[in-house]
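Peer 1: So the sequence shown is numbered by this note's numbering: it starts at 88 and just counts up by one.
Hints were generated in silico from the structure; no laboratory data involved. Even glycine gets a Cβ: it sits at the ideal position worked out from N, Cα and C. Any given hint could turn out to be false.
As a list, the in silico EDC-like pairs of lysine to aspartate or glutamate whose alpha-carbon atoms are at most 16 Å apart [what the hints assert, rightly or not]: (1) 168 - 447; (2) 234 - 257; (3) 367 - 249; (4) 176 - 481; (5) 178 - 481; (6) 265 - 370; (7) 366 - 121; (8) 504 - 481.
Simulated restraints on C-beta separations [said to hold, decoys possible]: (9) 376 - 419: 18 to 28 Å; (10) 149 - 323: 18 to 28 Å; (11) 422 - 324: 40 to 50 Å; (12) 422 - 505: 35 to 45 Å; (13) 402 - 474: 20 to 30 Å.
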Amino acid sequence: MNILILYPDDWRHDSIGSEKPYVLTPHLNQLAKEGIRFTHNAVTTSVCWMSRASMFMGQYASRHKSYKLKCSKFAQEENWKHSWAYMLKEKAGYYVGHIGKWQYWDSPKSTRGGSGSSKTSSKTGTQGGGDSFFDVWNAFEGQHWYKKDPITGNGTKIHATDLAKQKAMEFISSRPNKDQPFALTVAFYPPKPIGLSREPGRQFEPTNETRALYDNVTIPEHESMHTYSSLPKFLQHSRSEAPNRFYERYRTSDHYQESMKNYYALITGVDQACGEIIKKLKDEGIYNNTMIIFTTDNGMFHGAHGLGGKWYPYQESIRVPLIIYDPRMPQDQIGRLNDSLTLNIDLAETILGAASVKPDDLMQGRDISDLYLPSNEKNNYHSTASVKMQPWREDFFYEFQYDHNKLIPSSTALFRKD
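Let the sequences and hints guide you as you build the complete structure.
Peer 2: In structure tokens, the structure reads:
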């Protein structure tokens, strides 16, 4: 079975049309109707680089220890061997690709190009490190718009979402052996904000076409937007980054409306790109042999609790969307909402399970298909008992170990479903 992971940045659980009708995501809504949407999915660390490492490794940050931005231990060669991507490529013969945001290299001594620059292209470049991990490696990040293709240096102005879509469709159509299963991660940089502009909405740069869809919409403010004074004192530190992000993006009604309209317009652009990539699978005749996972690396406050950014163990920060389309799914499960407490560390074992590969011993999650596949559909290696025999989790430990000069304090929490 093929594996496709659609993986945008900074997108919280309720920023989809099935939760908020004014957010235009028709293609993701349709994917959920053909699969399952998990309404209580969360990340174990809410910041992009640590969460992405957890997704690839199926491990808590305290195990993969990738605490340092752009210089992560999980992406060093010996550690990478415990990732699902390595296991699919080296043990199961998959053709494996990565497109878009990466944020790491495989050695602390490696060099990196400037923000948004081409790090490597399909194993031909010298920067980035990921070219040794994937058969196809097209990494680019840090911008919403490019003057030309940052991988090839050719072409004209293009949006980052469209560039990721284009590279994904090229991967699907040009894979050298159409009988070889593939695994592709499409890591969209949008809707993540860029820069430090304090002008209304300027940290979010959608296309004119998607932005026009929100011209006549008023975005409701979160009910806790003006409760900052009731937060724990360590979150009210004068140098804390979260209130600073709030000030940049949401401090006036105009700031809030422009930021959120532009943000949702970026989301609509990603939704459209996902729709075209899925259509490509159907056109190639492989949709019914491809598991599709749509999820994100962390949530966003968007002014909730008087905060911007993410990081802290509030639901707006740690809960993210999860939609799984699985061709093995029984008819009575298709289109359902599932409120089980799933985690980003579950994805590694879920991916390996779909490929009939035994999970690595260091992985700490659980195959999510336990929640929708009958036990008799499981592969014979599968060590996880059915949900009836071994109930699904009702809580999990949240960790954020960073504390960068009090700008973003560390935090831990026990998150319970109730």
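Peer 1: Confirm or reject each hint.
Peer 2: Cross-check of the supplied hints:
1. 168 - 447: The given pair, whose Cα atoms are some 9 Å apart, holds under the 16 Å limit.
2. 234 - 257: Distance ~20 Å between residue 234 and residue 257 Cα, so the pair is violated.
3. 367 - 249: holds (14 Å)
4. 176 - 481: violated (33 Å)
5. 178 - 481: violated (33 Å)
6. 265 - 370: holds (14 Å)
7. 366 - 121: holds (14 Å)
8. 504 - 481: holds (6 Å)
9. 376 - 419: 18 to 28 Å: holds (21 Å)
10. 149 - 323: 18 to 28 Å: The hint (18 to 28 Å, Cβ to Cβ) holds, given that residue 149 and residue 323 are roughly 27 Å apart.
11. 422 - 324: 40 to 50 Å: holds (46 Å)
12. 422 - 505: 35 to 45 Å: This hint is violated: roughly 26 Å between Cβ atoms.
13. 402 - 474: 20 to 30 Å: holds (24 Å)
The structure does not agree with the numbered hints 2, 4, 5 and 12 stated previously, though it agrees with the rest.
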